[in-house]
Amino acid sequence: EAGVVQSPRYKIIEKKQPVAFWCNPISGHNTLYWYRQNLGQGPELLIRYENEEAVDDSQLPKDRFSAERLKGVDSTLKIQPAELGDSAVYLCASSYSGGIDGNEQFFGPGTRLTVL
Amino acid sequence: LAKTTQPISMDSYEGQEVNITCSHNNIATNDYITWYQQFPSQGPRFIIQGYKTKVTNEVASLFIPADRKSSTLSLPRVSLSDTAVYYCLVQIYNQGGKLIFGQGTELSVKP
Chain Y
6 EAGVVQSPRY
16 KIIEKKQPVA
26 FWCNPISGHN
36 TLYWYRQNLG
46 QGPELLIRYE
56 NEEAVDDSQL
66 PKDRFSAERL
76 KGVDSTLKIQ
86 PAELGDSAVY
96 LCASSYSGGI
106 DGNEQFFGPG
116 TRLTVL
Chain U
1497 LAKTTQPISM
1507 DSYEGQEVNI
1517 TCSHNNIATN
1527 DYITWYQQFP
1537 SQGPRFIIQG
1547 YKTKVTNEVA
1557 SLFIPADRKS
1567 STLSLPRVSL
1577 SDTAVYYCLV
1587 QIYNQGGKLI
1597 FGQGTELSVK
1607 P
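Protein chains in written order, with our numbering: chain Y, 6 to 121; chain U, 1497 to 1607.
The set of hints was computed from the structure by calculation and includes no laboratory data.
Any given hint could turn out to be false.
Said to hold, decoys possible - FRET-style restraints, in silico, Cβ to Cβ: (1) S1570(U) - G45(Y): 20 to 26 Å; (2) E1554(U) - E73(Y): 19 to 25 Å; (3) P1607(U) - S71(Y): 34 to 40 Å; (4) Y1509(U) - G45(Y): 21 to 27 Å; (5) S1505(U) - K76(Y): 42 to 48 Å; (6) S102(Y) - P1503(U): 28 to 34 Å; (7) S32(Y) - E1554(U): 35 to 41 Å.
What the hints assert, rightly or not - No farther apart than 25 Å at their CA atoms in a straight line, the calculated lysine to any residue pairs in the SDA-like style are these: (8) K1594(U) - V120(Y); (9) K1594(U) - G1546(U); (10) K67(Y) - G33(Y); (11) K67(Y) - Q22(Y); (12) K1550(U) - G8(Y); (13) K1594(U) - Q22(Y); (14) K1594(U) - L44(Y); (15) K1499(U) - G45(Y).
Ideal placement from N, C-alpha and C gives every residue a C-beta, glycine not left out.
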């Protein structure tokens, strides 16, 4: 069974440019997560989807970040415009259930973004 | 607001038991605690999960004392391949399942 797929794996852009990341979760997983992980730190949740609905986007910087999950499967995370401080690894994860009673998240390999 | 604290790093030798503790304040009785392992250039990988007392699986044990102010991941007889960063994750029930990762503990296993 394929795991969580993310693309691209690496991205280098100049500041003020837009960038987009794509995630394909494990088949049958209705919950999808986007995290940002800075060097030497734990992942920080940006947004969590239950099917098509964003149920927690409290940590998403909405002035420049946006996300969508059309049809409750694939998801795209966008930054526009990118800033130097956005350099990080962006992780996507999925789980069968995102309920508040615990679950096992499966993570993709991440996209390493470098903003110059 | 819940916050988690872990030791930044730990050293061990092959064959030893390793215990990594995560401190977390304001954890309710039905808030889940999960531990993940992460290797360089990879996403975190699930190790174990629980919300009370003790849970054991084929690779680790998770201990949660009654006061729930901390939890301990126990790795029996570590090997060189267990060298990785270990994260605790707390899921807060009464905040809609809010997810809070710790800063991670870098475990180095030496021969």
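Status of the hints after comparison with the structure:
no., hint, result
1, S1570(U) - G45(Y): 20 to 26 Å, "holds, 24 Å"
2, E1554(U) - E73(Y): 19 to 25 Å, "violated, 38 Å"
3, P1607(U) - S71(Y): 34 to 40 Å, "violated, 48 Å"
4, Y1509(U) - G45(Y): 21 to 27 Å, "holds, 24 Å"
5, S1505(U) - K76(Y): 42 to 48 Å, "holds, 43 Å"
6, S102(Y) - P1503(U): 28 to 34 Å, "holds, 31 Å"
7, S32(Y) - E1554(U): 35 to 41 Å, "violated, 25 Å"
8, K1594(U) - V120(Y), "violated, 29 Å"
9, K1594(U) - G1546(U), "holds, 16 Å"
10, K67(Y) - G33(Y), "violated, 28 Å"
11, K67(Y) - Q22(Y), "holds, 16 Å"
12, K1550(U) - G8(Y), "violated, 29 Å"
13, K1594(U) - Q22(Y), "violated, 31 Å"
14, K1594(U) - L44(Y), "holds, 22 Å"
15, K1499(U) - G45(Y), "holds, 17 Å"
In summary, the numbered hints that this structure violates are 2, 3, 7, 8, 10, 12 and 13.
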